[in-house]
Amino acid sequence: MLFSVLKHFDSLREVEIGMKAEVYKLHHLVLKMLCAVVHLLREFGLRKFF
Numbered sequence: 027m028l029f030s031v032l033k034h035f036d037s038l039r040e041v042e043i044g045m046k047a048e049v050y051k052l053h054h055l056v057l058k059m060l061c062a063v064v065h066l067l068r069e070f071g072l073r074k075f076f
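The numbers in my numbering rise by one with no breaks, and the one at position 36 of the sequence shown is 62.
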């Protein structure tokens, strides 16, 4: 919802199109978060979950 307010979108279609356009700009954040989680799990010896 914050995304739509900041971008001044009025319809759900505009929100959908806007978010699809931003997906490729934000994919690196997911990879960094996933790497951090895997590192923490390895650090605490919880590798059995993977």
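Worth double-checking, as some hints may not be accurate.
[As the list claims (entries may be wrong)] Subject to a maximum C-alpha distance of 25 Å in a straight line, what follows is the list of computed DSS-like cross-link-like pairs (lysine-lysine):
no., residue 1, residue 2
1, K33, K51
2, K46, K33
3, K46, K58
Because the hints were derived from the structure by calculation, they are not lab data.
query = Taken at face value, is the distance from the CA of K51 to the CA of K33 at most 25 Å?
reply = Roughly 16 Å between the alpha carbons, so the hint for K33 and K51 holds.
ask   = Is the Cα-Cα distance between K46 and K33 25 Å or less?
value = With Cα atoms ~13 Å apart, K46 and K33 stay inside 25 Å; holds.
request  = Could you grab the alpha-carbon distance between K46 and K58 and see if it respects the 25 Å cut-off?
outcome  = Cα-Cα ~20 Å, so holds.
Figure legend: structure checked against the earlier numbered hints; every hint is met.
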